[in-house]
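A.B. asks: Line order of the protein sequences matches chains A and B.
Here the first sequence is numbered in this note's numbering, starting from 1 and rising by one per residue.
Here the second sequence is numbered in this note's numbering, starting from 1 and rising by one per residue.
To be clear, the hints were calculated from the coordinates, so they are not data collected in a lab.
Errors might be hidden in some of the hints.
[Said to hold, decoys possible] A few chain A residues facing chain B, derived, Cβ under 10 Å:
(1) I4
(2) F11
(3) L59
(4) G110
(5) L230
(6) D234
(7) E270
(8) P324
(9) P328
(10) Q331
We put the CB at the ideal spot given by N, CA and C, even for glycine.
Number of protein chains: 2
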Amino acid sequence: MKKIINDPQNFVDEFIEGILLAHPQLVKTPGEDARVMVRADAPVAGKVGIVTGGGSGHLPLFKGYVGAGLCDGVAIGNVFSSPSSDQVLEATKAVSGGAGVMYLYGNYGGDVFNFDLAADMAELDGISTLTVVGRDDVASQPRERAADRRGVAGIFFAFKGAGAAAERGDSLEQVAAVAEDIVDNTATMGVGLTPTIMPMTGKPSFELSDDEMEIGIGIHGEPGIHRGKLETADEIADRLTLPQIEDLSLQKGDEVALLVNGLGSTPLEELYVLVRRVHHNLAERGIVIAKHYVGEYATSLEMAGASISMLKLNAERLALLNAPARTPFFQEI
Amino acid sequence: MKKIINDPQNFVDEFIEGILLAHPQLVKTPGEDARVMVRADAPVAGKVGIVTGGGSGHLPLFKGYVGAGLCDGVAIGNVFSSPSSDQVLEATKAVSGGAGVMYLYGNYGGDVFNFDLAADMAELDGISTLTVVGRDDVASQPRERAADRRGVAGIFFAFKGAGAAAERGDSLEQVAAVAEDIVDNTATMGVGLTPTIMPMTGKPSFELSDDEMEIGIGIHGEPGIHRGKLETADEIADRLTLPQIEDLSLQKGDEVALLVNGLGSTPLEELYVLVRRVHHNLAERGIVIAKHYVGEYATSLEMAGASISMLKLNAERLALLNAPARTPFFQEI
Numbered sequence: 001m002k003k004i005i006n007d008p009q010n011f012v013d014e015f016i017e018g019i020l021l022a023h024p025q026l027v028k029t030p031g032e033d034a035r036v037m038v039r040a041d042a043p044v045a046g047k048v049g050i051v052t053g054g055g056s057g058h059l060p061l062f063k064g065y066v067g068a069g070l071c072d073g074v075a076i077g078n079v080f081s082s083p084s085s086d087q088v089l090e091a092t093k094a095v096s097g098g099a100g101v102m103y104l105y106g107n108y109g110g111d112v113f114n115f116d117l118a119a120d121m122a123e124l125d126g127i128s129t130l131t132v133v134g135r136d137d138v139a140s141q142p143r144e145r146a147a148d149r150r151g152v153a154g155i156f157f158a159f160k161g162a163g164a165a166a167e168r169g170d171s172l173e174q175v176a177a178v179a180e181d182i183v184d185n186t187a188t189m190g191v192g193l194t195p196t197i198m199p200m201t202g203k204p205s206f207e208l209s210d211d212e213m214e215i216g217i218g219i220h221g222e223p224g225i226h227r228g229k230l231e232t233a234d235e236i237a238d239r240l241t242l243p244q245i246e247d248l249s250l251q252k253g254d255e256v257a258l259l260v261n262g263l264g265s266t267p268l269e270e271l272y273v274l275v276r277r278v279h280h281n282l283a284e285r286g287i288v289i290a291k292h293y294v295g296e297y298a299t300s301l302e303m304a305g306a307s308i309s310m311l312k313l314n315a316e317r318l319a320l321l322n323a324p325a326r327t328p329f330f331q332e333i
Numbered sequence: 001m002k003k004i005i006n007d008p009q010n011f012v013d014e015f016i017e018g019i020l021l022a023h024p025q026l027v028k029t030p031g032e033d034a035r036v037m038v039r040a041d042a043p044v045a046g047k048v049g050i051v052t053g054g055g056s057g058h059l060p061l062f063k064g065y066v067g068a069g070l071c072d073g074v075a076i077g078n079v080f081s082s083p084s085s086d087q088v089l090e091a092t093k094a095v096s097g098g099a100g101v102m103y104l105y106g107n108y109g110g111d112v113f114n115f116d117l118a119a120d121m122a123e124l125d126g127i128s129t130l131t132v133v134g135r136d137d138v139a140s141q142p143r144e145r146a147a148d149r150r151g152v153a154g155i156f157f158a159f160k161g162a163g164a165a166a167e168r169g170d171s172l173e174q175v176a177a178v179a180e181d182i183v184d185n186t187a188t189m190g191v192g193l194t195p196t197i198m199p200m201t202g203k204p205s206f207e208l209s210d211d212e213m214e215i216g217i218g219i220h221g222e223p224g225i226h227r228g229k230l231e232t233a234d235e236i237a238d239r240l241t242l243p244q245i246e247d248l249s250l251q252k253g254d255e256v257a258l259l260v261n262g263l264g265s266t267p268l269e270e271l272y273v274l275v276r277r278v279h280h281n282l283a284e285r286g287i288v289i290a291k292h293y294v295g296e297y298a299t300s301l302e303m304a305g306a307s308i309s310m311l312k313l314n315a316e317r318l319a320l321l322n323a324p325a326r327t328p329f330f331q332e333i
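So here's chain A without its partners, still in its complex pose (with noise of 0.2 Å):
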């Protein structure tokens, strides 16, 4: 296991250490626990708080996307474990500027059951809030249980639209009206190359030979759908990409936003191969890629491997991705 790191038992409150230490403008820890952070100017007065959070081992999910824009507050957990309820409590409290909070995090059982419990917290302590679960990963469940799917790198877009609702005024049910329409409306599919080495155990999160891939493979390692020879990448884009055309029912005509993500140590220059294959794919049938993103937005510490999602467009959905935003690692001019 060849990691930069000192005791694997501090790595996440080291990693948290170095993030708070590079970007004191922009995010703070509200309390004693560095797991929770907020953003600087935390909390807005009347705007709607957004919290989000998970395990470790995403970045920049979840601690790059705090800022003016973006979420207003993040708890973390271990490594691919979901944070506390009292941590997502914590950062609740930090955010809420009197508007309400909303809950915007990957469907995955620990984390909804924390972020529940923590919600009736909340209420208690007379906060209002509101839960939008991502659930774009289009391998994990056919569309028709589309609300039992994994949360993936498509995430990325509800924070965006929903940071943007929230940064204009729009009220809690607005804000989470935003994210659910952007949730629906977002498709994701990964491939894997090679597994997250675990950095308390030194293993691996699945075993794959030197020479396959796996299709629809989760962030955390969960099986895909397809388990096969290395293809092209252009073969790769194909299987990605399809299924979400059909999965978003996109038609000619139809405008998309386009994410090209890494999951770890896939570089930039793959990432790109990809991005071509894509546009040609769309091309063809007269679909247009209004926006592009490119680069590591979700990973699996060093898994090799690449996601691709698509957000469809409409006027509202890509002002709002247009918006600005200032986070540690996604700024919007």
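Using the hints, position chain B against chain A.
C.D. replies: Below, chain B without anything else, positioned relative to chain A:
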């Protein structure tokens, strides 16, 4: 070799096509050869043009730094290979707005040869050029022979400063002086944990045992100054940082800009563990980090490892870093 590519022969041209398709608002190719790329509004009349370039395989270096406030044009070659002098000349002509063109690239033989040849040809075409060569790798030569050092990730500081100087209307001589000043005050040192796998051959760029690291390694796998058992993040941070403090003669009260750069497959979490230690190291000595950059700025495809760069600041250098910039991979608001 697990790469998301098609025919390795087409790797460079395909990722370039992806970049052009993804960022048409920011960059364009001025002629037939997409390996030459310039900012979308080039040439900017009356402004000094900045041209960079080098081998492929280092994204976001070089293609990612083309745009307002950074470089105007770029020419790249095959993986780890220089662009041709004709390609550099084409970029030169395309960005020439009448105020001259500065060449700013890393100190490697092939690049020096081809940029010098292009400078001679540009002169015949009536375009004045000046050249500044990035040479920040303190492991490659001692300070007495700083002119022979390799150029690595620290060239980003020179791009940023020179780009801002050109944008505010400095003359060619002034822009070159800014770049030279920043290069003189920049130090970098890297650590390699795993090699790059060369796309054409499937072979690693160097060999390293499963439990070893190499301190001072170059971004093409050039030999470093120490090979040994993998150490902790704190020990690695010390090995990379302390020589720079000496090299830049940093004293109590000095301010620096810090760049902690991933070489390809090292997770962002690990980079922040390094940031933490560098912070403590400098704080102990009364040296202040006034500006942080953390992420992948100059890579070596999927090499695991990191580099740490520091720029000794003064008010002028900090103001240039803080000036706005907008490119595919880097924005400063």
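A.B. asks: Taking the hints in turn, state whether each one holds.
C.D. replies: Each hint, compared with the structure:
no.: 1; hint: I4; in the structure: holds, 4 Å
no.: 2; hint: F11; in the structure: holds, 7 Å
no.: 3; hint: L59; in the structure: holds, 4 Å
no.: 4; hint: G110; in the structure: violated, 20 Å
no.: 5; hint: L230; in the structure: holds, 6 Å
no.: 6; hint: D234; in the structure: holds, 6 Å
no.: 7; hint: E270; in the structure: holds, 4 Å
no.: 8; hint: P324; in the structure: holds, 8 Å
no.: 9; hint: P328; in the structure: holds, 8 Å
no.: 10; hint: Q331; in the structure: holds, 5 Å
Taken one by one, the earlier hints fail for this structure only at number 4.
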